[in-house]
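Chains as they are written, first to last, in this note's numbering: chain A, 1 to 589; chain B, 1001 to 1375.
Bear in mind the hints are in silico, worked out from the structure with no lab data behind them.
Careful: at least some of the hints might be erroneous.
[Said to hold, decoys possible] Covered stretches of chain A (chain B as the covering partner; in silico rule of three or more C-beta atoms under 8 angstroms from a C-beta of chain B): (1) 479–487; (2) 490–499; (3) 505–514.
From a predicted model like this one, the values you see are computed outputs, not experimental measurements.
Note that the Cβ used here is the ideal one computed from N, Cα and C, for glycine as well.
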Amino acid sequence: MTVAAPPASPRTSAPAPGEGPAGGTRSRWLGRGGGIVRIGVFVVVLALLALLVYPIGRMVVKALVPDGQLDLSAFGTVVQQGWFWDTIRDTVIVVGSAAVIALVVGAVLAWINERTDAGLGWLGTFMPLLPLLMPPIATATGWYFLGSPDAGFLNGLLKLLPGSPTINILTYPGLIFVYVLELVPYAYITISGSLRNIDPALEEASRVSGAGLLKTLFRVSLPAVSQAIVSALFLLIVTGFAIYSTPVVIGTNANINILSVQIVKLMQFSYPPDLQSATVLTTVLLAFVLCAWILQQSVMRRGRYAMISGRSGQSKMRTGRWRYLLRGITIAYLVVTAVIPLIAVIIVSLQPFWTSAVDPSVFNLQHFATVLSRRNSVTALQTSVILGVVGGAIAVAVCVFVAIARRRTSYGFLLGPRMAAFVDGVMRLPAAFSHIVIGLGFIVAFSGPPFNWNGTYIILGLCYLVAFMPQASTTTNNALSQIGNDLTEASYMSHAGELRTNLRVVLPLAIPGLLSTWALLFVLFASEVSASTMLAGAKTPVIGFVLVDIWENGTFGPMAAFALVVTAITSAATVILLLLGRQRFRRVR
Amino acid sequence: MTATTTAPQVEITGLHKRFKRRSGAGDVVPIDDVTLSIAAGEFVVLLGPSGCGKTTLLRSIAGLERPDAGRISITGTDVFDASRRLFLAPNKRPISMIFQSYALWPHMTVFQNIAYPIKSRRRASKQEVADSVHRALAQVGLKDLHNQYPGQLSGGQQQRVALARALVTDAKVLLFDEPLSNVDAKVREELRVQLVEMQRELGFTAVYVTHDQAEAMELADRIAVLNSGRIEQLAAPREVYGRPASRYVAEFVGVANLFEGIVASASDDTLEIDTTIGRLRASAPASPARPGEAVVAMFRPEDVVVTADPQQGGNVWSGTIAHSSFSGAAQTLQIDIGAERIQALADKDAAFPDGSPVAVRVEPAEVHVLAGGAR
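In isolation and in its complexed conformation, chain A is listed as follows:
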């Protein structure tokens, strides 16, 4: 009696999950839709991790343990080179000071445009898009044309002044200046996002208490977003180490050695390519980047920052007579970053020979004809456009899939909160590595056997996908998060299942945002330079590769013409992005 009873009781008292009519509904769901989606997400995450960890891991292994055991001789050789310590010193000086200056400039610009009545309205929205409108290499080249000691246009103008002062962009301050121009949008995006969410009452209270404009800025507004500022600084440092176009254009001619340029030079412009030294240098770069992230984590963890809650601010601070000065700062930044470099590039592309004496009567389109008749550059345009269109579409599709899987479904969450956070972390992980690290990792891992992908669409496309996954994922999530939960819930309440809800409600509403994500990725892919320079081959030249190639050959006119063609393409895509991104269905309350 007593022996027989225990085995029977558990079954009757607690039915196992999946039994009964109830469990049937749930497991059917997980078996059909949910199961496939979950497996899909795991596949995406594993593929992304593999494409990140495997190449970078192989690269580090190749640098440290080339023949199966720890061997630091390659390290030793590189360290003993005369240029090594110069490169490290120059890179740290330039990236460090540019990051700090860009942080201050970006914070002030973000505050002006988000929190005061001195914003430029629709023109202000161009700020974060500037690097998309003008590829960074075009800005850098423009400033090279403007500030070169001999033929620079600005020097040509300054000569007219008494005492004929000169400027020279090919110096430390000059290089840092152009770095700052390139970095400011990154600081701007990060900081403006959180400034937008400050409760305006905080600032109003400060002004009412008699604090002036500057005191309010530095004592209230900026401290309230200190977390965003800290993360912006580290983003700037990480991005700064990866910047390639500015140092290759300005630094090389100024004899300032920057790590990223040195790596690409070892791979692409020395014969035979010195892969061993390049991997060692990239490992050093990786170490810098990882240090920055670890430091950020410890800084962020130290203090729990107060959450800024409540109503988001529509009321902007009145700046009175300061208004014109503040507006002037924004305009000056736009002019210095985009307008005058673009003018310089246009002039050089039209001049037969680059000279500071500008004579419109000799302008012609000869350089455009030269560039566009060269097979290499035409193929590069085609390759980049194809990669941008196809790769961008794939990236958007992958991100939409993951984002939908992370959304709340009619039967709860497909991914638990920890799993969802992990997936999100993996999607953003590539941002922690610079494109050069990822690019070189891809060469080490995939260019030889068994893959033999050297110089193929596959290696370029995969590298772009991995490198730009954070941007793709963030923008897609933004597009989808604008669709209120009530709209999907109303669909469930209208007896629609997951598939119908996503196809008929979520996707149609997200389409404007998704199209603009696609355009964004197209522009990013098309203007990528550092990884492209290493990965592109003779069969698959891409825009970035050709730009650097022309530049290295020292032909300024064709370079300017090609940069303009690229600027035209990316600007067109950016304008499409802006037009598509407008919310068509404004909700009336």
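Once you've looked at the hints, dock chain B against the given chain A.
Structure of chain B alone, referenced to chain A:
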């Protein structure tokens, strides 16, 4: 025994829901052991201040929240049963819901919005769909708007479209999540009347969430007053107002004059209570109280009789008018009695200048005795 005709349409038994708080400041319990049975065709309002759990309870019926324990059945079918791990997806439940934000899909026309639930359920011919949509639109009085987009409609029109979308599948149970709080006062009044008429005509069962007690009284067959996840009182509006079960209900529903006190003497039909405004006599207390017990005495402003002549007897005090405010049909008086202040309702034409002395009387039958102690 209840007859089969009044078999519950929605039956909630022992429902629990708990949200874990990250900072560890104690969990939030939006649904705390709720048992509620709603008959077919009944209009039940879940009433309470924000954070009392009324919306979570509604969303649990809808299937948009998953409770931790308990059981919910709708039209006789179990849709949630924690002990059997049963959870029927919201789209499979025989219900419709109307949202506070209307939740109309902005990329679809009014016609497409209303046709959506029909097409979700089954394949229907074009003609069938069109007939159903036009019937639903006629029911809510919006015949000519089917080609408009929601963004082109006013708030009141949008909520009517949302109602049509909920009605179009002939759902037996309709859930309302504060549907009128986004429309302006006049339209709200109209929609309320329309809603009651429609519910009487079509006979659906309604569960309606609001924090507006006037709305609750006007709409409900029964009101469930919620307090931190528990049903504090479940009764017809008249009963909730006239015989509140607790101090919480008395304060939340209508205006109440409340006085804490100690029972001085108790007999079969009368209770004498010592309070800060003196001895109060209450007749026929709902629950027996013993002398020495702490209780709360409550009476409504409209039960206060205010005259200029001094009077004698029980429950009579003299006070001064502190302030009077005119509200159209009546005027509200704030009357100081010693250190205490009470509210009274007086005829709109009576003259009570500020500072004038008055006599105040409350019939013992109008004094309600509520359990005292912690609020």
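Now the hints, each set against the structure:
{"no.": "1", "hint": "479–487", "in the structure": "holds (count 3)"}
{"no.": "2", "hint": "490–499", "in the structure": "holds (count 8)"}
{"no.": "3", "hint": "505–514", "in the structure": "holds (count 3)"}
Of the hints listed earlier, there is not a single one the structure fails to meet.
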